[in-house]
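Chemist: So the protein lines, in turn, are chains G and D.
Going by our numbering, the first sequence opens with residue 44, and the numbers climb by one from there.
Going by our numbering, the second sequence opens with residue 4, and the numbers climb by one from there.
Wrong hints could be hidden among the right ones.
[Stated by the list, open to error] Dumping the calculated EDC-like pairs for lysine to aspartate or glutamate here, alpha-carbon to alpha-carbon at most 20 Å:
no., chain 1, residue 1, chain 2, residue 2
1, G, Lys106, G, Glu76
2, G, Lys154, G, Glu50
3, G, Lys364, D, Glu76
4, G, Lys364, D, Asp121
5, D, Lys40, G, Glu111
6, G, Lys57, G, Glu145
7, D, Lys40, D, Glu53
8, G, Lys78, G, Asp103
9, G, Lys57, G, Asp162
10, G, Lys154, G, Glu46
11, D, Lys40, G, Asp119
12, D, Lys117, G, Asp356
13, D, Lys40, G, Glu116
14, G, Lys110, D, Glu39
15, G, Lys364, D, Asp74
16, G, Lys57, G, Glu46
17, D, Lys88, D, Glu99
18, G, Lys57, G, Glu155
19, G, Lys57, D, Asp6
20, D, Lys88, G, Asp229
21, D, Lys40, G, Asp112
Just so you know, these hints were derived from the structure itself, not from any lab.
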Amino acid sequence: MTEAFIEVAIIFVKVVVLGFILFSLPLPLTWLERKIAGHIQVRLGPFRVGPHGVLQPFADMVKMLFKEDVIPEQADRLLFRFAPIVSMVPIFMVFVAIPFGESWTIPYINKEVTLYVADMNVGLLYILAISGVAVYGIILGGWASNSKYALLGGLRSSAQMISYEVALTFACIGVVMLASSLNLIDIVRAQTGGVTNWNVFYLPVGPVWFVIFFIAGLAEINRIPFDLPEDEGTLAAGFHVEYSGIRFAYFMLAEYIAMVSMSVLAVILFFGGWDDPTGLGWLPPIVWFLLKVGFFVYLFMWIRFTLPRYRYDQLMTIGWKILIPLSLLNILVTGWMII
Amino acid sequence: MADYLSILFMAGFAAFMACMVLFVGSLFRPRNPYSEKLSPWECGMEPIGEADTGHFRVHFFIIAILFIVFDVEILYLFPWAVILKEPDISTLVFIEMFIFIAVLTVGLAYAWAKGALDWIK
Numbered sequence: 044m045t046e047a048f049i050e051v052a053i054i055f056v057k058v059v060v061l062g063f064i065l066f067s068l069p070l071p072l073t074w075l076e077r078k079i080a081g082h083i084q085v086r087l088g089p090f091r092v093g094p095h096g097v098l099q100p101f102a103d104m105v106k107m108l109f110k111e112d113v114i115p116e117q118a119d120r121l122l123f124r125f126a127p128i129v130s131m132v133p134i135f136m137v138f139v140a141i142p143f144g145e146s147w148t149i150p151y152i153n154k155e156v157t158l159y160v161a162d163m164n165v166g167l168l169y170i171l172a173i174s175g176v177a178v179y180g181i182i183l184g185g186w187a188s189n190s191k192y193a194l195l196g197g198l199r200s201s202a203q204m205i206s207y208e209v210a211l212t213f214a215c216i217g218v219v220m221l222a223s224s225l226n227l228i229d230i231v232r233a234q235t236g237g238v239t240n241w242n243v244f245y246l247p248v249g250p251v252w253f254v255i256f257f258i259a260g261l262a263e264i265n266r267i268p269f270d271l272p273e274d275e276g277t278l279a280a281g282f283h284v285e286y287s288g289i290r291f292a293y294f295m296l297a298e299y300i301a302m303v304s305m306s307v308l309a310v311i312l313f314f315g316g317w318d319d320p321t322g323l324g325w326l327p328p329i330v331w332f333l334l335k336v337g338f339f340v341y342l343f344m345w346i347r348f349t350l351p352r353y354r355y356d357q358l359m360t361i362g363w364k365i366l367i368p369l370s371l372l373n374i375l376v377t378g379w380m381i382i
Numbered sequence: 004m005a006d007y008l009s010i011l012f013m014a015g016f017a018a019f020m021a022c023m024v025l026f027v028g029s030l031f032r033p034r035n036p037y038s039e040k041l042s043p044w045e046c047g048m049e050p051i052g053e054a055d056t057g058h059f060r061v062h063f064f065i066i067a068i069l070f071i072v073f074d075v076e077i078l079y080l081f082p083w084a085v086i087l088k089e090p091d092i093s094t095l096v097f098i099e100m101f102i103f104i105a106v107l108t109v110g111l112a113y114a115w116a117k118g119a120l121d122w123i124k
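Here chain G stands alone, though its shape is the one from the complex (with noise of 0.2 Å):
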């Protein structure tokens, strides 16, 4: 009785650890990314609030915290205030089945716990259903407000966001035949031993996977070049121009945690997670995790502000005419490899 007690009470405080890591992540993301944008247009971002700005993130939060929560007349009430935590809450629970090392001992109590919440048999299949439930989020979002901009800009989304889905499954599916398992941890281990046994180095398949999962994904979590949904040009701000205050910060908040979930998956399927490349040890592997990570947050803020939109005849012909047909292709070479 008081073991399996335990072994929830365990559970319980590593998912409000992880929930509370999540829920702060924007923070200091917000303020990287226009630090970034700063920086590769040659000026200084955020400088007022704090030392190089690194309040500004607070200072936004408590803005956007006394913001009048606006619901427009003709909205869907009950759907207007729902889709935001529709499109937040999954995005949450992926990162239940999300890896991040073996295990590590508590000091001073040697008590070893594991370094993930659930250790599924089903962990890649479960993250894919589940991020895929966010686009319901999304279409609510746009439907409710019952504007025209937010109407077109939840189609799009949801119109790209399930095209691109196939692609991202293909990918992933490459990863499970080298790999044989669904298991995250699993896919991991089978990658360590140094950087030739990542996937992305299966030659020549792997930078293939790699380069189909990574476009996808960007289409995915709707960044550039695929922010189709948010294009301010035509549709000034897509599926949440109606929001405001906190109920936009949620979208938002959606937004960058899909952004961490994608590099990390992007680490476990094809970089080797937390396994170190030099094979010398003398970094822990959850800090190797962690570095690889933030190099795919970086490169996604890179992208943004180095790459103009693409149109949205061209996203579905990306989409539906180049890497699905790549994919069904490299399925049948990387079967063949295998036999």
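Let chain G serve as the given structure and place chain D on it in line with the hints.
Modeler: Chain D alone, transformed into the frame defined by chain G:
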């Protein structure tokens, strides 16, 4: 079982935090609605008609139908991908999946030829 309990915990925690922050915000934020503020945003023009009557391109539905077809087929690939390395059956299941993917490709080629994948006509 405990692995799936954590999903419930996380969903509950995230929803609870979201509602808490909204509640805390409701203590501070102003509330001053008037009809111009509450009208749908349309670049400063008077809004014409309703947006949620379902008048949008039929192409979005076609994409959704294609997605369902492909997504279901992808789900068949997952168990296949897990057992592909079993030495006794790998050649057999590979040939089976070759036929399956060939059928899938015919479907994609049909949609392509019919112009379902072209956004501009």
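Chemist: For every hint, state whether the structure bears it out.
Modeler: Outcome of the hint check:
1. Lys106/G to Glu76/G: holds, 19 Å
2. Lys154/G to Glu50/G: holds, 12 Å
3. Lys364/G to Glu76/D: holds, 17 Å
4. Lys364/G to Asp121/D: holds, 9 Å
5. Lys40/D to Glu111/G: holds, 11 Å
6. Lys57/G to Glu145/G: holds, 14 Å
7. Lys40/D to Glu53/D: OK: Lys40/D and Glu53/D at ~17 Å, within 20 Å.
8. Lys78/G to Asp103/G: holds, 15 Å
9. Lys57/G to Asp162/G: holds, 13 Å
10. Lys154/G to Glu46/G: holds, 13 Å
11. Lys40/D to Asp119/G: holds, 16 Å
12. Lys117/D to Asp356/G: Holds, at about 16 Å.
13. Lys40/D to Glu116/G: holds, 9 Å
14. Lys110/G to Glu39/D: holds, 17 Å
15. Lys364/G to Asp74/D: holds, 16 Å
16. Lys57/G to Glu46/G: Roughly 17 Å separates the two Cα atoms, so the pair holds.
17. Lys88/D to Glu99/D: OK: Lys88/D and Glu99/D at ~14 Å, within 20 Å.
18. Lys57/G to Glu155/G: holds, 13 Å
19. Lys57/G to Asp6/D: Cα-Cα ~12 Å, so holds.
20. Lys88/D to Asp229/G: holds, 15 Å
21. Lys40/D to Asp112/G: Holds. Lys40/D to Asp112/G sits at ~11 Å (cutoff 20 Å).
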